[in-house]
Amino acid sequence: MSLPPVAVVGAGGFGQAIAHAAARRGRDVVLWSRSERNFDEPRIRRTASLAGLADSEVAFIAVPSPFVADLAEELAPHLDGRHYLVHVSRGLIGEKLMPISRILRERTPAHRVGALAGPLVADALRNGSPSGAIVGTRFPEVADAVREAIGSPALRIYDTPDVVGVEVASAMVGLLALTAGYAQAMEVNGPTLAVFLTRALAEAARIAPTLGADPQTLFGLAGMGDLMAVLAGDDRPEVRLGRALASGASLAVAGERTGAHIEGVAIAHRLADHAERMSLKAPITRAIVGVLEGCPAQEALAALMAREVGSE
Amino acid sequence: MTMRSPFKISRRLSDRPLHLPRLSPYVPAPDDPAIFWFNSEREDIVREVAERVAEAHSGGREAMELALNDAAYHEIRRLEQQGGAEAAEQLPYWRGLSRRIARMTDEEKRNALGDLTGRLAGDVAGNFDPRVYNMAKHLVPRLLAGVMQPSSLPAELLPKRGSEGSVIDRLLRIEGDTQALGALEKTGTLVYVPTHSSNLDSIVLGRALEVAGLSPVIYGAGKNLFTNPIISFFMHNLGAYRVDRRVRARLYKEVLKVYSQVMIERGYHSLFFPGGTRSRSNLIESHLKLGLAGSAVNAFSNNRVHGVMRDVYFVPTTINYELVLEAETLVEDWLQAAGQARYIIDDDEFSRVERWVAFFRKVVSLEAPCVIRFGDPIDCFGNSVDAQGRSIGPAGSPIDPGTYVLRRGKPVLDPARDVSYTRDLGEVLVRRYRQETVVMATAIVAHVLYRRLVARTLGMDLFARLRLRGEVALGRDEVIREVGTLRDRLVELQRQGHVRVYEDLVDAEPEAIVERALTVWSGYHTKVAAKDLGAEITAEDPTLLLYYQNRLVPFALELCDERDAPAAREIATIGRYL
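Protein chains in written order, with my numbering: chain A, 1 to 312; chain B, 1001 to 1578.
Looking at chain B on its own, in the form it has when it is part of the complex (with noise of 0.2 Å):
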């Protein structure tokens, strides 16, 4: 008996998106959201990237072939590669381009390459529909809370008036200034920044904003996540923007910026990753990728040379799990042939559904949380932003952020300069990511475990460590000691405006952070991080603890004691060799 491999299922979504049959064209009221007009704009953005990326390449003779030689030269080389359906559909056009390049008159290349950029933006714009989006904001929690606990489905589905909300609402806390961001998105463009741990960051964040009643943003999604069909289709609808990382021609990421870029300058509230992928090590990034944080500063010069005021907002934000969906793939990853790991991930547990509903059940039997912390907002300068959206400066004063693309007394577009403010405003995020990351109780046991391992065992190589499965085991006190020392100090490093402490966990016991973590742990990861054995607790896994505690790693010498210090040193050089 043959099957229809999932896999080509998943690939026909992708490549042909469902979309809901269009019976009458939604009209938008005037207060919705930008992103509500998208559609009836689609159009004009498309054709406004695809001019601006092919006249930036339409200087002359030589720049035109050298940008249509390097898409043939990437595109059929991938294709090739890659085979399949898409390339037996796609290489003759690259090929016959490639051919053809040479002999092409000055006008036929700029043609061609205004053919092609609008080819590349048609392909990575989204698409909005109204209708998806309010079926989502009301369907996929109570889907999804179903999944976690099936007796629960009828209820979350005709929810009585009243009751609770759902059950996913619950597991999910936001903290910040969510109200001070409503009035922001208002006057300016919002740009979402946050930190990267799991595939479920762009749904539970998408909900986040939902819950705290801001507005939707536009983001782009790696074409790895259309393999999942339910989130392919919702992706589809909601605004995703298709990002291919596969494809290399410049061009192509050029089009990505530019479609980024013009969505901001049009106000559009967006969403980027600065860590680029997830975090494989669970560190808070630190290294950024920043091309899309500079597509928004890009807008805002442009915007100002123009004479438009809208202003942007960076929102620095932190997704932080008490348990992670992918942590054993992820770390894994990180460790292979020491960081080479894998761009993209295409076979984790977020591709494997049992993983999911196992996860999800979990999650809600123990009602582990996910923190989402909106950070203070920054401008394109990474100075602060008030209440009333204007820049402030480190005097306390507003400033005018227009002033940074002046020169001599006019805004004038210079994208050195704007690279140079995007990797000072890349610093700043650095910074604040380690302000707002929230530490759960699963990151401490994990410190607390695993620094007495490195302790143990000074000087040893990482993989030899790692290796001492169950091989060193603590006092169920003394662990119970050395949590609650940690949670104090943390405690004083939140006073300091240096991190933050779960709020369940500032005056919890700190044997109740420790049945937490090891309950959270057992029974969701096939691996056992660490075993209750009674009088003690066993490291058991070294890499899953590393994993957990690496959220700590920017403050072990602070966390530490004159005891554990000599530990504290080796774990505070995690990332910076691996």
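If we strip away everything but chain A, and leave its shape as in the complex, we get (with noise of 0.2 Å):
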């Protein structure tokens, strides 16, 4: 029997990285996209209209988190229950800090959802790079779905049933690959970071749990092994704009000059409002709020490392 096209909702550099993956694995790819441009795979065939969509059974949502629930809305008339939506996207949503998975879930009638998160870059999977990622979905067909599509021995793709912690743990990554890139610019040396990255990520644990998520995810691939890519040199975009950021530049131009729509910006404040009503620490996050606002950052470390130390 042969296999189901695989469905991938936005042509930006990681939508269109993951239906050369697929296409790489012999799978057709339907990629839906309201630019004009064709692709040189002859496995991949773009499509203008969601209903183009209806016939595969795994749907990679690789839009920007804000587009999200717009393009959900779109999607529905064309899904029911037997399709599977797993999406790449950094975000949690309003001031809630809502998974994207659930937006997924709450708006079309597609309920076997999936995050795909991790140490992955699109260069790399578009190249077909060593690499690997992880997948957050309750439901195993779905992660069975992603291997198959896109799954490879270059590839490998582990899964957890904790999605909410995986959408975290990648929203958190996205913040901190931002203040990473941005501390790099300002040369603050790698013990510095190492301790300033770490702490972020208990930071992190300790608002996951208010989120719905396992803080475990969060020392995974999905939290863990994706920020160590972050500085092993993965030269992602939200790294390039915190350099930017650190040279003066306006977040504006900082976004238009790294050419992609960043995430963790918008999250920082929403996080640590969040952390502030649930009543938990957060000083790391709210220290790359201030940054993020004007506050001068070595003033913003010093007053971190002046914090009173305690246990781990």
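Simulated from the structure, these hints should not be mistaken for laboratory data. Any given hint could be a false lead.
[Said to hold, decoys possible] Between beta-carbon pairs, the in silico distance windows are:
hint, chain 1, residue 1, chain 2, residue 2, range
1, B, Arg1469, A, Gly294, 51 to 61 Å
2, B, Asp1400, A, Ala69, 23 to 33 Å
3, B, Arg1469, A, Gly94, 34 to 44 Å
4, B, Gly1060, A, Ala194, 50 to 60 Å
5, A, Arg307, B, Glu1509, 50 to 60 Å
6, A, Ala154, B, Gly1060, 36 to 46 Å
[As the list claims (entries may be wrong)] If you want a taste of the chain A side facing chain B, the calculated C-beta under 10 Å gives, among others:
hint, residue
7, His83
8, Arg107
9, Pro130
10, Phe139
11, His274
12, Arg277
13, Lys281
14, Gln298
[What the hints assert, rightly or not] Some, not all, of what chain B presents toward chain A, calculated at C-beta under 7 Å:
hint, residue
15, Pro1033
16, Phe1036
17, Asn1039
18, Gly1389
19, Pro1394
20, Pro1398
21, Ile1399
22, Thr1403
23, Tyr1404
24, Leu1406
25, Arg1417
Ideal placement from N, C-alpha and C gives every residue a C-beta, glycine not left out.
Make the complex out of the two chains shown on their own, each in a separate frame, by following the hints.
Given below as structure tokens:
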């Protein structure tokens, strides 16, 4: 029996990379894009109509998080219970930091949803360089479908039922990648950056349960693994944005220069406010917000270093 | 002089249920609900349940041994700890089984497993006697009314044609589209999933179904309920199946789930409380035990795989009391050891007849209502269901629920998938419970008083706060003003679809709401929740106020103004840590 086509929604860098990875696996791909650009890979067929995705089994949602809700509503009439939706966004939506998997579940009839994350960057995915990723989903068949679509000996795809944990970890690493880029540009030394990022991850792990996530997930591929890829220099857009901000560019200019929608910036504020509402200490997140609002980075770092130190 | 212990009588009744003598078999009418056919199917159902569970463990020698050993180990342990007549009767069987397991051939193990699951399924399976159902239908409300108002008993027992309904029916307010539910019970299996506040819930819900013209349901009743002889009699004859929470054997739990699944597959409308037990705190349930809900999802999948297109509809239901019979015991239990509450309480107000009488008299004299609100039904996957029984997707168009169990175009059984669907369904139910909760006067007034107590003791340990009996007083005018503001905000939340407000409160004078709550509390509970001192009202018993106001915890942040925000933030954390 021939396998159903793989759907990819969004033809940004990551969407295209997923399409190429699936095509390399021998799968037919339907790529939804509003642009009229076509692809030289014969297995990838572009469509401008969401109805064209209905024959697929798994659809990868690769649009920036602010657009997911509207897209889900447009997509809904073309889906039913047989479809699996897997998103790759790093965002958490609104004041309540709603996971995108929940938005997909509530606004479309497709309930078998997942989130793909981890140390996976578009270039490696497109080129087939050795890499790994994690799919958070409560449905084992969704993890199987993702492996069938893009997994290979060069791309190890793990799974976890803690879908919200993967989403929180992914969002948090997006924010920390931006911070790491900023810190590198400021020539913050390695040990300082290591302490900062490790404690930031611990802070995220304190916040995670209030969002319905298992804190342990932050120390797996979706969190720690992804952060290691940042520090190993994968030069992802978030890191470039951090560097651009450190050079004095405004957020708008830096965003334009890095050529990607950066979700970490939007989330920093909401995460800090959420921590406050939950009576949780989140000094690092708050410091990042301060820097993004113009507070001198050295000053913010010094304030953090001056805090009372205790047990890990 | 020695008296026969009521406990022994109760146990005798629960162990040896009373049935009415069977002179001639009842022949159900064609349009009778499925449950009227139950007794003719009972043996077949017990056999099917026993076979399915036994088969699930017959995959190999080790699997069979594990199942038998697990059952023997847990039962011997339980019976040895428990002692008494049940232990004397059953221990020899279990000890004998335990000794023999290692020496059994595979065939003997298979037979032992079949025998055991048959025994367990037979113990669980209920009974439905249409005569008892008809008797209960006519007699129970009148008898209860008589308990409440002895002077009304003759009139209740011999009602005049055209007279008003029983007093209990006047106190029972039913909300929701029961007509639509009546239509749906013809096309699919209804699974009522109510919130759980009191042991009276299954009684009032049963009555509500009857008043609304809906079919009776089957439900699992905790064995502790059978300790009340009157309740026991009806439980045994009205389709209740018996759930003994003391039995830890894995096989027993599977038998319960499969029994529920088989009944739903066969179209028996069902009821279970996803909270698992009464809400000790009176918080709206947010942590659900989804085992039985999962059995309904499994039933749907299994039917589809076998080509049976009968749908399953969940009905999120809230049961809302202005006065809760067991409030004092429940909240004390919740607070003990920070949530290490007893799962089974057998010495609460429910087991004491004099508390029943006091409760019902109070309820009737005040006409303190119980509101049963049937929410709009949803399918096994959390989708809305329209009046024709079709699942409706978020885009507003019908979708086939069968697509959720498809794998590459074919319906397949997948227990892991169904567990995930059940968990998602649980999240939908939690949201629906909040939306369908009906806020009563006692919750509003308790919230105002408790919030002020918190405002004056910000950051204080909960237990220290609860010891401040009668130490915080508020001006009467202030209470009335705040109650009015709170009610108005609740009405606004109702408009947005977030919660419901008891209809009598929507336009009521705030002062009347305050009077109402104070009157309802006084005289029934052994402690005074709030005391009316004329110009002031004191938060007399913070524990009872906490209990009643807990219904509003999910809305605390939306109900406060800036001044009360710090207190509301503390209130909003209730239940998170305790």
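- Item | Indices of hints not satisfied (ascending) | 9, 11, 13, 14, 15, 16, 17, 18 and 20
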